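Enquirer: Line by line, the protein sequences give chains A and B. Number 117 in numbering that gives the first Met the number 0 belongs to position 118 of the first sequence; there are no gaps in the numbering. Number 686 in numbering that gives the first Met the number 0 belongs to position 687 of the second sequence; there are no gaps in the numbering.
Just to be clear, a hint being listed does not mean it is correct.
On the chain B side, residues computed to face chain A include the following (Cβ under 10 Å) [claimed, not checked]:
id, residue
1, A346
2, S555
3, K559
4, N635
Think of the hints as simulated: they come from the structure by calculation, not from any bench. From a predicted model like this one, the values you see are computed outputs, not experimental measurements. Virtual Cβ for every residue (Gly too), placed ideally from N, Cα, C.
Spelled out from the first residue to the last, the chains are:
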Amino acid sequence: MLQLNVNGKLYPLDVEPDTPLLWALRDTLQLTGTKYGCGVAQCGACTVFVDGSPQRACVVPVSAVLGRKITTIEAADGSRVGKAVQAAWRKLDVVQCGYCQSGQIMSAVALLQQNRKPSDADIDAAMAGNLCRCATYVRIRAAIHEAAKQLA
Amino acid sequence: MSDFRIENVSRRQFLQGTAGLTLAFALPASAAPAGPGKAGGEVVGKVNFEPNAFLRIGADGSVTIISKHLEMGQGTYTGLATMLAEELDADWNKVRIEGAPADASRYNNLFWGPAQGTGGSTAMANSWEQMRKAGAAGRFMLVQAAAKRWQVPASEIAVRDGIVSHSKSRRKAGFGELAQAAGEETIPSELTLKHPRDFRLIGKHAPRKDSADKTNGKAIFTQDIQLPGMLVAVVAHPPRFGGKVKSFDAKRALKVKGVVEVVQIDNGVAVLAKDTWSAKKGRDALSVDWDESNAFKLGSEEIFARYRELAQTPGAVAAQQGNVEPAFAAAKTVVSAAYDFPYLAHAAMEPLNCVMRQTADGCEVWNGEQLHTGDQHALAGFFGIQPEQVKIHMLYAGGSFGRRACSKSDYVLEAAQIVKATGGKAPIKLVWLREDDMRAGYYRPAFHHTLEAAIDASGNISGWRHRLVGQSITKGTGFEGMMIKNGVDVTSVEGAANLPYQLPNLLVDLHTPSDIGVPVLWWRSVGSSHTAYSTETFFDQVAQVAGKDPVALRLSLLQKHPRHAGVLKLAAEKAGWGKPLAPLAGMRRGRGVALHESFNSYVAQVAEVSVAADGSLKVDRVVCAVDCGVAINPDNIRSQVEGAIGFALTAMLNGEITLKEGRVEQGNFDTYPLLRIGEMPKVEVYIVPSAEKPTGIGEPGVPPLAPAVANAIAAATGKRITRLPLRTEELRA
């Protein structure tokens, strides 16, 4: 049986190896915070970390991440940066429908882990793959600056 | 079909009618509603006090407010709770919100008669008195209970932030301590609501109640529902609207691991599996032969060609003032323009889905439910049961923009067909993949508009002719009686037929082709999504031809519309209208304005753009002024307007569903691109202080954006954009 390391826990997994990580997380492990939006890495709603780097879980087969450390939104508060990003999102009431926000937050955490003082241009580049149909972009940008301020 | 009907004269008249604002119905504690985040409907903690259908107070002091409206991002839950908590004098930190069950006897939209549902930016407006009265009733009963317990006059008791107190005797109690006693008080028949100067939540900052769960992955959407034994259904739909299954071969699909069953339904073939991925693989392995003898086979170009031809002849009159013929005959100058607006998909981030199961006494539904009563009736009709036997759990919707209020209950009935075809043996989660969602129709209808203005010798607009051609959204639905008058669907002409400018001669008419087989529906801001564009860009063009400033000319024709004038002046002032824009190397820059009322809210926007030599466009800044009556939650108003600007800009820059020989050409976000963060302009939102009743804010920010940007483009380049979405090649230097 396959085994996945998600949020520091090992899960046995009875799925076909070509199953995208997204569906293994959602349907099998019932970690539903990671969202399905497009299935073709166009929207970023399924962004998770694989060994610390952001990946679109909808196009990553389970077979490619065996033995690697996967982090999802459910464990985003496990790092100082993750906590700061979530706090900033709440302080500024970024969310509207909320469906894309797990992915937005994971991408924002990834950005701030690499770059503690991102410019608007850095934010636009790092967040370009995360779509928000409610267009909460004004606040996403502000919240990333706010989190950076808190982390400084 | 269903016998569900919306009863109301018109959305435009709702301000006059307060539509039976009855307070509250006693609700047994056992009938506690389901809430988002919960698959069942269990009550958390002991319930001691439930004065009405909107409020429950637990012995632990928790305050649960029940929302009859869907939270799809627009902040409804927080807004409704703000109103109730204000009059209850609750501690905002202890307030939680639950979605109401489907029950129009208690939770109807007061502007829709006996129907429950969310739409037309009515949630705050129809609940304004209802929710405050529900809170005031709770407060009254808590005070009565305290007065009895402490043997003091009720008039000496104060309530603040969830604490009931009597200062003279220095006694105080939390809501929880008084809950049981309050439950024994009688529900008051007369209530006094607060004076606005005493508001502590309304007009102040009450943070969103869904922020925490929407930032840690805990918020539950329909897509996240898992029931024991549940099967996931992915459906092969016909490639053209109106197609049917001729035959299918499920052998290969059934060999996919995890696939359990394949069933035929009215609109395709459903593959059921233990998980979504297996169902998708099964669906992809199906072979289906389609009967397309009655399918719709026209392409977009052919549809527009037909619309342009129809526009040559008079249509049904939607509005008429004076007599346009002599005005045009005597005109010194005639200005004209023709516009094409494409079909638009809602493309919410959560593709459509629905969870359903048959139960011993009916059926049970989990859905981002936007049209409770309509869907209840549709399902009751389908299963041969009573509407009350359809139990609906209203979950958060990952966006909707109107799509989940489908007047034909399309995806909900599809789930029901699968439940029935499988004998009701397992709960079903119907999942539309992105491409299924994109190609399923129920689009914002495509429209063609023609406009003509007569300018007389003194430079005044002496005549205005506006003709619209496009499909009706409400014909053949439960909304028809409310929306169609004298052959004119108000949702086709709103914003055009009620042009605010005082013009002596005006004629607005409409063609409604009924043989176009593309399903259409309301899309955030409905008719105003195209009428604001044509009227406001055309007005700008007329002002230019007449040699007048577009803001000054508008103001001169708005004498009878002070709220329109108010937002226009505010936006112009804040944007620095009339002051030159800072030059940017290599860019043509321009500023444009647009003004539009929709859903009884007034919005003006001033956009600043930069256009590069290759025609590429950057919207740098949008200044917006809004008058939506009492600002219940100012931060949410700003948030909605920011989002509306991004939503509208997406449509202007990229939004287009096209058909080729009846097939939808788009499928995913590569072919139907959404705005990305780098394209989002700077946004400033100014709210006009107002004591008028609150009106909508979910939609009204959308309509003025595209015309303001188009007018800015015209100022920068001299080019008028009459076909959306924008083709940047039209803007090459």
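Enquirer: Compare the structure with each hint and give your call.
Expert: Each hint, compared with the structure:
1. A346: With a minimum Cβ separation of about 6 Å from chain A (threshold 10 Å), the hint on A346(B) holds.
2. S555: For S555(B), the interface hint is violated, since the closest Cβ of chain A sits about 34 Å away, which is over 10 Å.
3. K559: violated, 34 Å
4. N635: holds, 8 Å
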